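Whenever a hint applies, use it, and build me the whole structure from the sequences.
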Amino acid sequence: MQSTKKKGLKRFFSFKRKYLAIPYSVFLALFVIVPILIILVYAFTDTLDDGTLIFSFKALTSFFTSPSKINVLVVSLFIGILNTLICLLIGYPLAYLLANNKYNKNKILVMLFVMPMWINFVLRTGATRDVLSFLGINGGNHPYLATMIGMVYNYLPFTILPLYTTMLKLDKSQIEAARDLGCNPVQTFTKSILPQSIPGIVSAAEMVFMPTISSYVISDTLSEGKVTLFGNIIYLNFSQSQWNEGSFMAFVMLILVGITMLISKKFDKGEARISANNLW
Amino acid sequence: MKRNAKHLILLASASMLLPLMSGCQSSSAGDVIYLRVLNSDDYIGDDLGEDGLEPFWESEYSGFSSVLDAFEAYEKEVNNKEVRIIYETFDTNETMLSSLKTGKSTYDLVCPSDYAIQKMMSTGMLEPFSKENTPTYDTYVSRYLKSQMEGITATIGDGSEDLHPIDEYAKGYMWGTLGVLYNPAKVAADKGLSEDEVKWDMSEWTSLWDEKYHGEMSIKDSMRDTYSVGIMGLFDEELRKIIADSGCFDEDFNLLEGKFDEAMEKYNPLLSEIFNRCDEENVKKVEDILLKLKGNVFGFEVDSGKDDIVKGLVGMNLAWSGDAVYSLDRGDNEGNQEIFYAIPKTGGNIWFDGWCMPKSDSLHKEEAEEFVDFLSNPAIASANMSAVGYSSFVAGDYVLDLVRDWYDPRSYEMYVYHDASNDPGCTWEDSDFVYDEEGERVLKDGTGIHEDGDDYGDIDMSKTIEIDGEEVGSSYERAVIVNENEEIVSLSWEEYQTYYNENIAESEDDYLEWKTVNLTYMFDGTLEEDLPDTLGDTPETNPYLFYDDVTETIENPYEDDGRTIEAGRQFFAQYPPEDLIPKLAIMKDYGTNNKYVLTMWENVKSNNLPIWGVVVFGIILAAALALGGSAFFARYAIKKQRKARKGESK
Chain A
670 MQSTKKKGLK
680 RFFSFKRKYL
690 AIPYSVFLAL
700 FVIVPILIIL
710 VYAFTDTLDD
720 GTLIFSFKAL
730 TSFFTSPSKI
740 NVLVVSLFIG
750 ILNTLICLLI
760 GYPLAYLLAN
770 NKYNKNKILV
780 MLFVMPMWIN
790 FVLRTGATRD
800 VLSFLGINGG
810 NHPYLATMIG
820 MVYNYLPFTI
830 LPLYTTMLKL
840 DKSQIEAARD
850 LGCNPVQTFT
860 KSILPQSIPG
870 IVSAAEMVFM
880 PTISSYVISD
890 TLSEGKVTLF
900 GNIIYLNFSQ
910 SQWNEGSFMA
920 FVMLILVGIT
930 MLISKKFDKG
940 EARISANNLW
Chain B
5 MKRNAKHLIL
15 LASASMLLPL
25 MSGCQSSSAG
35 DVIYLRVLNS
45 DDYIGDDLGE
55 DGLEPFWESE
65 YSGFSSVLDA
75 FEAYEKEVNN
85 KEVRIIYETF
95 DTNETMLSSL
105 KTGKSTYDLV
115 CPSDYAIQKM
125 MSTGMLEPFS
135 KENTPTYDTY
145 VSRYLKSQME
155 GITATIGDGS
165 EDLHPIDEYA
175 KGYMWGTLGV
185 LYNPAKVAAD
195 KGLSEDEVKW
205 DMSEWTSLWD
215 EKYHGEMSIK
225 DSMRDTYSVG
235 IMGLFDEELR
245 KIIADSGCFD
255 EDFNLLEGKF
265 DEAMEKYNPL
275 LSEIFNRCDE
285 ENVKKVEDIL
295 LKLKGNVFGF
305 EVDSGKDDIV
315 KGLVGMNLAW
325 SGDAVYSLDR
335 GDNEGNQEIF
345 YAIPKTGGNI
355 WFDGWCMPKS
365 DSLHKEEAEE
375 FVDFLSNPAI
385 ASANMSAVGY
395 SSFVAGDYVL
405 DLVRDWYDPR
415 SYEMYVYHDA
425 SNDPGCTWED
435 SDFVYDEEGE
445 RVLKDGTGIH
455 EDGDDYGDID
465 MSKTIEIDGE
475 EVGSSYERAV
485 IVNENEEIVS
495 LSWEEYQTYY
505 NENIAESEDD
515 YLEWKTVNLT
525 YMFDGTLEED
535 LPDTLGDTPE
545 TNPYLFYDDV
555 TETIENPYED
565 DGRTIEAGRQ
575 FFAQYPPEDL
585 IPKLAIMKDY
595 GTNNKYVLTM
605 WENVKSNNLP
615 IWGVVVFGII
625 LAAALALGGS
635 AFFARYAIKK
645 QRKARKGESK
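From first to last, the protein sequence lines are chains A and B. Using the working numbering, read the first sequence as starting at 670 and increasing by one per residue. Using the working numbering, read the second sequence as starting at 5 and increasing by one per residue.
If you're looking for bench data, these hints aren't it; they were derived computationally from the structure. These numbers were taken from a predicted model, which means no experiment stands behind them. Where a beta carbon is used, it is the ideal one built from N, C-alpha and C, also for glycine. Any given hint could turn out to be false.
[As the list claims (entries may be wrong)] Subject to a maximum C-alpha distance of 30 Å in a straight line, what follows is the list of computed DSS-like cross-link-like pairs (lysine-lysine):
{"id": "1", "chain 1": "A", "residue 1": "Lys860", "chain 2": "B", "residue 2": "Lys644"}
{"id": "2", "chain 1": "A", "residue 1": "Lys934", "chain 2": "B", "residue 2": "Lys643"}
{"id": "3", "chain 1": "A", "residue 1": "Lys935", "chain 2": "B", "residue 2": "Lys643"}
{"id": "4", "chain 1": "A", "residue 1": "Lys935", "chain 2": "B", "residue 2": "Lys216"}
{"id": "5", "chain 1": "A", "residue 1": "Lys934", "chain 2": "B", "residue 2": "Lys647"}
{"id": "6", "chain 1": "B", "residue 1": "Lys216", "chain 2": "B", "residue 2": "Lys296"}
{"id": "7", "chain 1": "A", "residue 1": "Lys860", "chain 2": "B", "residue 2": "Lys643"}
{"id": "8", "chain 1": "B", "residue 1": "Lys315", "chain 2": "B", "residue 2": "Lys245"}
{"id": "9", "chain 1": "B", "residue 1": "Lys245", "chain 2": "A", "residue 2": "Lys727"}
{"id": "10", "chain 1": "B", "residue 1": "Lys519", "chain 2": "B", "residue 2": "Lys150"}
{"id": "11", "chain 1": "B", "residue 1": "Lys519", "chain 2": "B", "residue 2": "Lys270"}
[Claimed, not checked] Cβ-to-Cβ under 10 Å is the rule here; a few derived chain A residues that face chain B:
{"id": "12", "residue": "Thr714"}
{"id": "13", "residue": "Asp715"}
{"id": "14", "residue": "Ser735"}
{"id": "15", "residue": "Ile739"}
{"id": "16", "residue": "Val744"}
{"id": "17", "residue": "Phe747"}
{"id": "18", "residue": "Thr797"}
{"id": "19", "residue": "Arg798"}
{"id": "20", "residue": "Val800"}
{"id": "21", "residue": "Gly808"}
{"id": "22", "residue": "Gly809"}
{"id": "23", "residue": "Pro812"}
{"id": "24", "residue": "Phe907"}
{"id": "25", "residue": "Ser910"}
{"id": "26", "residue": "Trp912"}
Next comes the structure, spelled out in structure tokens:
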């Protein structure tokens, strides 16, 4: 009796690895799950004059019947996709070079590419605005161009970093084998390097696409308020106390995140990306 | 007894509040009252520098560097209370409103804008001020501003439909206008116009839509402000018609002699009605006109504009008067840019911010009222004004002195400037006046020193003259000078200008041509000293009148018809001339129409995907489809091959 009780106590107090997850789980519940639930509640309710909430699809209908909100969403998606593609086009070859010891001997180059991230991005955007207007590109005459330059500049480090870590892990022998077995450089790239680096591409795309849509400081500053992204319109609704409409749009954004997650999962099945499932 | 009870309640409420403020202040002092104040950023004189603020009451302290410290000392010495201010700031009315609605934090005083006060009042959030507890405010508040405030009414959220003037629930703090800040030299150079043409055009709201100013102006990324511009543009013709019909203005829309009161009474309400149109139909019209404006402007901004115009990124900017003063000063001091501020002659928006008390169980009503009343003392108001740059809601002698110091050329002529301008990079704003033992600014009547080579020392004004057995020197009433024959003569300032132009000025560019600015609407009835028995019609005989030497009179550059407009600068921005006052209106809360305006603003701010965007988007989508399709077919082909192989092997 005595011994089993002791054992039970011991088992109770003994450290298990999953206890390590407790701090984050608490954090997750407080700052992720609860806010999402609040967003859901506001998205599907309507606020009466005295402040009570009643279930309603008003926010949903007002979103889908408003051409300007849909327009903003389309423009945001467009800028998001374009930014992701440009970042990948610039970042991919760069990451490949950086990961190659021949070109990058002491990793200082990597630091240089990531360094802009160390400076507050609002400051950086303000400075970008000055540089661009010095070059004659400003929100007044080229709102989209200025926004795109700012976006690419800001999100390029986020593309390079995951690509770079994937590139470091490329299976060199497989690439060599492909070459030995008669692949030309293009085929080596498409049959060996590209498939191996897909996880990097997917996480890079994830890190660029959604933040681009929801960011509003960059587009606001660089386009002089002429390019409005989804994040702006959500903010506008909240600042005008239209919490239900604002929440519904935040919910739309959540769904978009979900969709991108699903798509990206499709691409990197079987790869050893750390999935959140292992935690629980 | 009653007093004790009150004291107890205060104590109780203070102790209730204490746990909320963990870490703010030491909680050891028993009867310390914590007054929680929420104000806009940079909106109070809490850093007055070395000289600081001299107390206006009998005090053992001197030279407060912050208005807040001064209040704490005032409460201790005059009201015998230990009050500590917990001062916090907010950035926009909207964030402040939602934090008050949702947050658990309570404040004793907040300082929102006119429409936000109205909104808070109608939701029953506000506690009314007691009628007799703000005597200083009632004494010194500008009659004009008070009447404007009384014109705004709201329900008080008690279920009844009764309208109460917001004056009962809020006390004004600062006020200003919304106008166009412009740099004529830059705009003229960019657009191939003459500077006079630019100045002339800026007296019309419709110029903002004019193709010739394309890409030159930034407007506010703020729903209400830009809406007000849309209204002024949309109803321009209607406004012109009623201005002409009112019979109070001449053909240039300047006030006719003695018609101020009539214009306020007859014209102002009509304007206010037009200005506050926000029903669905009119909002739609404003949307169309703002979309046009969007196509013609450089961009939208909320606070980068005031620096952009100094940097030369934009030539025109829609600006609040206080920001305008900041830009004008910066342009003068560092950028060497001569920037102007215009309120077009059909009028525009006047706004104010006021203190109000949100209802709560822990409200320190008495101390909150004392704080508001303290801020309304002209001595404190002028300190705040010089720290903040906006115009104070209260007038009075201190404010009058400040305005004279800042803008009236008589003060440049007669004050002695301490020579700080030897320091590199110093401007005359950095240099100080000389103070005598009593801390008074010294005039050139006997104690002055001449600064050689200084612009302000051309005429010796350091003598006194005997008039009616009294020794008098230069003052705002008379200029006492030593003329070219070494005689001491007393001149009116009118004569002084003539004397200067004839004897001192080297060319016509140096001529003194002072205009008279009438600020009766601001100072009437608030002055205690120096009031002559009968008010004359010159600044020498009427303290409500000022001289002004920066406002330019521009003749019509398009037609030789003798018509003129005034192109104003700092003084104009801080105190619009009397001609404009009846043409300014407050934009009230939109109430239930807010949703139309919000939709309008969303439509104005959103844009369609441009054509090239559609093309690029199409290409990307097509490429993605092609890629996905080919991958699918490749896989399909491999499967087929495998099947075929399997079949073969069988």
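For each hint, the structure was consulted:
1. With a CA separation close to 20 Å, the supplied pair Lys860/A and Lys644/B stays within the 30 Å bound.
2. Restraint check: the Cα-Cα separation between Lys934/A and Lys643/B comes to about 23 Å, which is no more than 30 Å; the hinted pair holds.
3. With a C-alpha separation of about 20 Å, the suggested pairing of Lys935/A with Lys643/B holds against the 30 Å cut-off.
4. A threshold of 30 Å between alpha carbons decides the hint, and for Lys935/A with Lys216/B the separation of about 55 Å lies outside it, so the pair is violated.
5. Taking the CA atoms of Lys934/A and Lys647/B, the gap is near 28 Å; set against the 30 Å cutoff, the hint holds.
6. Between Lys216/B and Lys296/B, the direct Cα distance comes to roughly 14 Å. Compliance with the 30 Å bound is thereby established for this hinted pair.
7. About 18 Å separates the Cα atoms of Lys860/A and Lys643/B, which keeps this hinted pair within 30 Å; it holds.
8. Pair hint Lys315/B plus Lys245/B does not hold up; C-alpha atoms about 39 Å apart against a cutoff of 30 Å.
9. For the hint pairing Lys245/B with Lys727/A, the CA-to-CA distance comes to about 43 Å; that exceeds 30 Å, so the pair is violated.
10. This hinted pair checks out: Lys519/B and Lys150/B have alpha carbons roughly 28 Å apart, not beyond 30 Å.
11. Restraint check: the Cα-Cα separation between Lys519/B and Lys270/B comes to about 28 Å, which is no more than 30 Å; the hinted pair holds.
12. A least Cβ separation of about 16 Å between Thr714/A and chain B goes past the 10 Å threshold, and the interface hint is therefore violated.
13. Hint status for Asp715/A relative to chain B: violated, with the closest Cβ pair at about 12 Å, above 10 Å.
14. The criterion of a C-beta within 10 Å of any C-beta in chain B is met by Ser735/A, whose closest approach is roughly 7 Å, and the hint holds.
15. Taken as an interface hint, Ile739/A checks out: its beta carbon lies about 9 Å from the nearest beta carbon of chain B, inside 10 Å.
16. For Val744/A, the shortest C-beta to C-beta distance to chain B is roughly 5 Å, which falls under 10 Å, so the interface hint holds.
17. Hint status for Phe747/A: holds, given a least beta-carbon distance of 5 Å to chain B, under 10 Å.
18. Interface restraint check for Thr797/A: the shortest CB-CB distance to chain B comes to about 13 Å, outside 10 Å, so the restraint is violated.
19. About 8 Å separates the beta-carbon of Arg798/A from the nearest beta-carbon of chain B, less than 10 Å, and the hint is met.
20. For the restraint placing Val800/A at the interface with chain B, the shortest Cβ-Cβ distance is roughly 12 Å, beyond the 10 Å limit, so the hint is violated.
21. Given the 10 Å rule on beta carbons, the hint for Gly808/A holds: about 5 Å separates it from the nearest Cβ of chain B.
22. Contact between Gly809/A and chain B, as hinted, is supported at the beta carbon level, the nearest pair being about 4 Å apart and thus within 10 Å.
23. With 10 Å as the threshold, the beta carbon of Pro812/A comes within range of chain B, its nearest partner Cβ sitting at about 8 Å, so the hint holds.
24. Interface restraint check for Phe907/A: the shortest CB-CB distance to chain B comes to about 8 Å, inside 10 Å, so the restraint holds.
25. A least Cβ separation of about 6 Å between Ser910/A and chain B falls short of the 10 Å threshold, and the interface hint therefore holds.
26. Hint status for Trp912/A relative to chain B: holds, with the closest Cβ pair at about 9 Å, below 10 Å.
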